[in-house]
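Undergrad: Protein sequence lines, in the order shown, are assigned to chains A and B. Per the working numbering, the first sequence starts with residue 1, numbered consecutively. Per the working numbering, the second sequence starts with residue 1001, numbered consecutively.
Take these hints with a grain of salt, some might be off.
Computed footprint of chain A on chain B; a stretch qualifies when at least three of its residues, placed anywhere within it, have a C-beta under 8 Å from a C-beta of chain A [stated by the list, open to error]:
# : segment
1 : 1080-1094
2 : 1126-1134
3 : 1268-1275
4 : 1378-1389
5 : 1411-1422
Using 20 Å as the maximum straight-line C-alpha spacing, the simulated DMTMM-like pairs for lysine to aspartate or glutamate come out as follows [claimed, not checked]:
#  : chain 1 : residue 1 : chain 2 : residue 2
6  : B       : K1280     : A       : D368
7  : B       : K1261     : A       : D379
8  : B       : K1153     : A       : D249
9  : B       : K1136     : A       : D271
10 : B       : K1242     : A       : D477
11 : B       : K1153     : A       : E219
12 : B       : K1195     : A       : D368
13 : B       : K1236     : A       : D271
14 : B       : K1425     : A       : D164
15 : B       : K1261     : A       : D249
16 : B       : K1425     : A       : D301
17 : B       : K1378     : B       : E1197
Quick caveat, the hints were computed from the structure, so don't treat them as lab data. Idealized CB from N, CA, C, for every residue including glycine.
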Amino acid sequence: MATTTPTRPAAQGPDPHPTPVRRAGTTTALIAKVLGLGLVLGLAIAISPTLIGQSRWGFLAIVWAIAVLALATYAGRRALPAKYILPGTLLLLLFVIYPVVMTAKASTTNFGDGTRQSKEETIAQIVASSVVQSPDAPRYTMTVATEGSVTEGPFTLFLVSQQDQSLYKGTVDGLEPIAAGDVTVTNNAVTAAPGYTILTPQQVNAANATIKDLAVPTETGAIRPLGIRQAFEGTTTLRYDEATDTITDTRDGTQYTPVTSGDREFFTSADGRRVSDQSWLANVGLDNYQRALTDSTIRQDFIRIFIWTVLFATLSVGTTFLVGLLLATTLNDSRMKGQRLYRSLLLLPYAMPGFISLLVWSGFFNKDFGLINSLTGLDIGWFTSTFWARTAVVLTNLWMGFPYMFIVCTGALQAIPSDLKEAAAIDGASGFTQFRKITFPLLLVTVAPLLVASFAFNFNNFNAIALLTEGAPFAPDNPEAGGTDILISYTIRLAFGAGGAQLGFASAISVLLFVLTGVIAAIQFRATRTLEDVN
Amino acid sequence: MSPRVLVLVAGAALLTTACGGGDTTTPAASGSSAPASSAAAEPSPSGSAAPVRSNADLVIWTDELKAAAVKPIAAKFATDNGITVDVQVISADLQANFVTANAAGNGPDVFTGAHDWIGNLVQNGAISPLQITADKLSGYAPISVAATTYQSKLYALPFGFEAIALYRNTAIAPDEPKTLDDAIKVGQAAVTAGKVESALNLQQGDNGDAYHMEPVLTSMGGYLFGKTSAGDYDPKDLGVGKEGSLAAAKKIAELGEKGSKVLRRSISGDNSIALFASGKAAFLVSGPWALPDIQKAGVKYAISPVPGFAGQKAAKPFSGVQGFYVASKGKNQAFAQEFVANAMNTEASMQAMYDGAKIPPAMNAVADKVGADNPDVKVFVEAAKGGDPMPAIPAMQKVWEPLGKAYSAIIGGADPAATMTATGKTIAAAIAAAG
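Okay, chain B solo, but in the shape it has when bound (with noise of 0.2 Å):
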């Protein structure tokens, strides 16, 4: 009997730790990308699990979406100086994955990410700023300079913006709306006349989305931190709690699910776009990422900036800047400062990473040259350039997750005015005990 329970036994084990350990997905490092160069490079460590950097002159650290329109822009770079260069994708987690490994040495030399890291990296010394004059600069949307730019120290170079906008079906919905309002009068028409089964989808899930619903916050008044005399956000200065935040949520209230039922709980980030992309609803606030699932789907959409509340302010999402980084202990420093600041920095390698990655520019040449003949990306370059850089300070780390949860409170019917005072409050607690 003993030695069969045993086997089960051992196998179900087997099993079980397999499916527990699960949870820390180490991203594969696909390092076995052949530099294009002239000089011939030793072939990247593959098959570990955790990222670790290859063996090249630079080694640059990217997900998969930007890769291949970094690699030709490396190869060339490679060539032009004899070196070898790897681009190496990192599939989950690239800013928790560079700072552990940067402070082992292991790091990269340049890497691409979003700007509202920049906090976090500098508090962890992971970056280097750079040096790049303001007239190399000048081609680029000011708000995207801005964005990178911390503690008036530019800390990577934009190539992109990521924004969210406001699609609506164009079956359902022909017009442009002038006005947050009348996009919800048009949607929950269509609801009442079974046409779609939700007016507009705003995700929120049950856990609350407090990027998504900035739009809604600043169009009532609302904002997340004030700013200082020299431009930073100020993490003394809290939005949350105070005037315009209060009329946002008892917004959020009226619309919320003891309201007129347009914000629920239930539409989340599994499911917003689908719902969307199978023309089940009105409209949909989303990002440039909702694109390719929604032209496949094959609905007929169009894009607009996500327009204010009738007599309100005008609605600013947050403005998202991805850019190029140096590793405050990458082996190639030099390399990695021209990259960046250099072979990067010309009007076709940014072409070159559109035409790869698809992320609307913040190259002001490329953004008019592409938004030209491709109207969706002219909207979200608008709409990034009409709103706030989201807030790099480290501060914001403790408002997403409260606000979202807030957010998700009062939708489901918690008392807005109380709910939002007492986050505020929770969140200045926690930016005070941070330090």
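Only chain A is shown next, with the shape it has when bound in the complex (with noise of 0.2 Å):
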């Protein structure tokens, strides 16, 4: 606060105007409290009803949770500390921790394509889809009517056959013929019936949940509803016992139990066939973990992957810094002229998205087509052997990130004072000594901790290998596992690649990351910490 207590003369007695500076001020953080307390307070408002309507309990606690802290942090004059601590908290606890806790959570289920759902959910899909047509019966043009509520019912169906129009009534308990008179039938369809309420397309589908389950017993199977207005006769192959846990086969008998296949179960018969590709989520403990430190193709990766991982974000710090400082320094010397304009140009590699600059440096590493090979009458296949692809990995890298090294080289030079330069040069240090015994560990203890912090980055830099080489080369035999693959890529496609989502694995390797990059961080931290001493 700016504002200082304005000392007061004691003898002047009670002031009719105190601190009118104050006043002043409280009254403009008076308001931006009231508004930022009624903004928090107003959304948490504004999204309760969606989270009603969709029965997410648990998000409308956290809402609220969050909205009656901050009321009580902020309204009051108690608490101090709690203002400065409580955003940086919330923030930390929904987008670390949280994300970090749902990660472990996933990586001990089976979590994945075909076993997103629960086993009840997925019997019950089984069974539903199981319904056949019965062969040659008619189709009918279907009219839902009630004597009840059209919410709740009775439903009866009207039903006319698309065969010979012959007209029926269907309830639960079956399948009537009706007079032409009894009824108002229009192209069809019938459009009255007295005693009877007819619901409209709407309320068809408003009370599907009810409708579709409607089954008009007949000899052959049963008549089900299908749309709005139209039924079919069909019969329902499969049944489930849950006394047995088995799906039974109606037409021939055959018995179908949950048979376990890797991390999860499917229905299966006997003689191993399986009634559905559908399996379920399940617990599966630390199997995982397992999987990832055991099998020795993932294991080798795995290892192999890491050391190229700590050399690719040495390598891209290493690199981008060194061409950075070298920049830095040269365009910080005085007798430098244009030094603006070269360093504008310089920023320019880091004023392109990154997205468009890798996609066109892949183009540029193309063999026959590409811009590097035909400049320089090379003909390396950049892409094709591992160390050519790193090579081009690093390069690019280095063009993407030394920008960066550079604004924060040149702003911690300037940051260092003259005369500690001058002193040295009076005691007879060369240009270069000053550099290294002065300038350099100045330097360091500025830009330590963001070498770190770009070190972290590029260990996780996704999008440099994603768009420019996508993990190749790769070994024919291990389609999983690329040369220029770094941890972050090689998660990513086993998560979300083309051999189908196995989130549930991939949530493990990712907490193996997390605890990686976590001790690689703190490791590396506590070591610039020993750069301070400089000081």
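Mind docking these for me? Both chains are given alone in their own frames, and the hints should help you get the complex.
TA: Here it is, written out as structure tokens:
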């Protein structure tokens, strides 16, 4: 706060206008506070109906907990430390802790393609989609009517056979023919029936959950509604028995029981046929971690990719820092003319969106049609050998990253007091010695934490790999791990790759990755702390 | 010093996170397409990044290309039934977005998609089978109905074909080649004469492309999956690593970088069509999606189905079929069934689909009418009818990447037989491991 309490002369007694400056400050602050809290509350109120509508009780509780916390902290004058800590803590909880916890949770399941639903849902779907149309049975033009409520039923189906226009009335009790005079028929559909309310299309749609399960029993199966104005005759061919956990095919009596295959179960018959490709979400404990740590291919891939990831991040930070520092030092010399122009030009790669640069560079590296080979006369298959692909990735990342290091170094260099260098010069130190003994150590104090951050960023620099090489080159016998894959691109291929989503397994790898990155960052930050001793 | 550096760092950090976070390209749900129905629709929630269903009596998700075609049909359906219909454009990764949204109960009622999604959608319980009688499907090309039928159940109403064919630059190759060898011969002569840079653009890139290589594989007698007695693809009968695929591998090696250099890894999805459009390639293997670029570039071209090699079998590209699906957890399933089974299933709707999206039609009557004065469409429909439906079984997902990478390695000079055999084993192991 800029407003300091003016020291009031004590002798003058009560001041009729006590500290007007301060009051103006509080009024602005008060307005800001009221607006801010009002906004938080307003937002909470605004999204509540949607959340209630979707039965998202957990989210609702969290939203209101945040709103109440904000109100409690900022409305009163107490809890001053909390006012500073709360926003950061909330953001940390929401965007760091929560995803980590959810990832860890997912890593103990077999969640992925084919296992997205619960067992109950899966069984219900398998049984429901086993309806087979009775051969040669007619289709009916259907009108849904009710003697009760249009939302609850009981519902009656008025049916007009599309074969011979004969009229029927169908309920859960059965099908009975009706005379043409009993109802009004327009365009081969029943449009009015005494004693019944005819449902509008919207009402049929709204009550679909009840109506679609309405099966009018017939001799050869059951007549079921299809859409809003049609009905067909069909039979459910599968039946589930909860007591024995068995699905039975009613046509030939084949029994399907759950059999484990890999990390999931399928309803399988005695001779090995599956009733469906659908499996379900299940808890697999630490199986995913076990697979990641013991499967020989994955373990080898993981170690190899980990080494390259560290190398990639180190090289990226090292080369960009070197080039950035070199340019910054050169342009920092007062004898240099046109500093501003050069500085602006050097920032250009940074101003271009990374996506575009990466795709353009990917084209540059094309063996037969790319700019690099045609300019230099080389004939390098950049993305076909691991060595050249890695070189290409590091070169491109150098181009993408050096402006950042240039900015950072320029800022840090300008902040180093020139008297230190003058003192060194007086002591007879050469330009290089000055740089080595004075400038560089002082520079590192400010830049080192940024190097750590940059390392962590490149450690997970998915774009650089995905948009440039997609992990290529790959050995033909190992399509899951390529020569330039870093851990994050490898994980994403496992999770969402063309081989089908293995979200549970990929979560386990992510948790391992999280631990690894955390440990590396901790070590690096500890190392940079020693640099601060220079000051 | 420190505030200045801090500001720089903060700015830089913002930039880097902005770049880093960008890979999750969430499709913009441009849901505010006002349904032209009589009933006033509530405006769709706009500005949300992840696709969320809008609030209407029937919600249809499709991609940008098809939205213009679906909208008038949907609007008519809305008027006929006195309801509101909203067509939402999902600009990227419709399948994955649909599966996630559907599971969360936020998905659409109807969506459009390729038939080879069916296996994955069924194993995720994301779609409902359709009950359309055989006579109501008799107007469609049989292969389109076969492709959208999975384990004896129909899951989508077909409307369009996707298949690859052979484009030729008629200034270089005026006559339709009878065999792929003829095409390569003409192309190579043009390369030698300095008229073009590439004889035949068959995009592979560094990671290979099993889709575009399929005509070569099938002409040499290879196959991906055999069929069960019921007519479904059989994941247990894998053709990769067997005799035909080895012959194909040998052929690819002969045409590769250590051989006649017709197939090159430097020709990828990024430049294949562009090179042909700029007149730098004699032949191009690609689909109808290449037409706009080629027509715009003004190069003189003609299209014919991809022929086989001399003395070998006919080349069979993959036939892809685009269709309408009913979501398993849509909020308006009755309207969804009604829309797909009845409103879409008419010649007028199918004609409107073609007029709006220009995808070669699957309904015979429309294909005949359009094909009468558009030979390109006629060829693509023929190519699709002459191909094999792309396998929709989940096991196919284990094939694409390894097989593509094997093709790429063989083009680069890896031992054809050993590579193909090893890839067969890799794929078989991956299929077995997936259960």
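Undergrad: Look at each hint and say if it fits the structure.
TA: Against the structure, the hints:
1. 1080-1094: holds (count 3)
2. 1126-1134: holds (count 4)
3. 1268-1275: Held - the segment 1268-1275 of chain B has 4 residues with a Cβ nearer than 8 Å to chain A, which meets the minimum of three.
4. 1378-1389: Answer violated; 0 residues pass the 8 Å Cβ test.
5. 1411-1422: holds (count 4)
6. K1280/B / D368/A: 13 Å, holds
7. K1261/B / D379/A: At roughly 14 Å apart (the allowed maximum being 20 Å), D379/A and K1261/B satisfy the hint.
8. K1153/B / D249/A: Judged against 20 Å, a Cα distance of about 16 Å means the pair holds.
9. K1136/B / D271/A: Given that 20 Å is the threshold and the Cα spacing comes to 36 Å, the pair is violated.
10. K1242/B / D477/A: Distance ~16 Å between K1242/B and D477/A Cα, so the pair holds.
11. K1153/B / E219/A: 23 Å, violated
12. K1195/B / D368/A: It holds: about 17 Å lies between the C-alpha atoms, which stays within 20 Å.
13. K1236/B / D271/A: Given that 20 Å is the threshold and the Cα spacing comes to 15 Å, the pair holds.
14. K1425/B / D164/A: 58 Å, violated
15. K1261/B / D249/A: 56 Å, violated
16. K1425/B / D301/A: 18 Å, holds
17. K1378/B / E1197/B: 29 Å, violated
Checked against the numbered hints listed earlier, the structure breaks hints 4, 9, 11, 14, 15 and 17; every other hint is satisfied.
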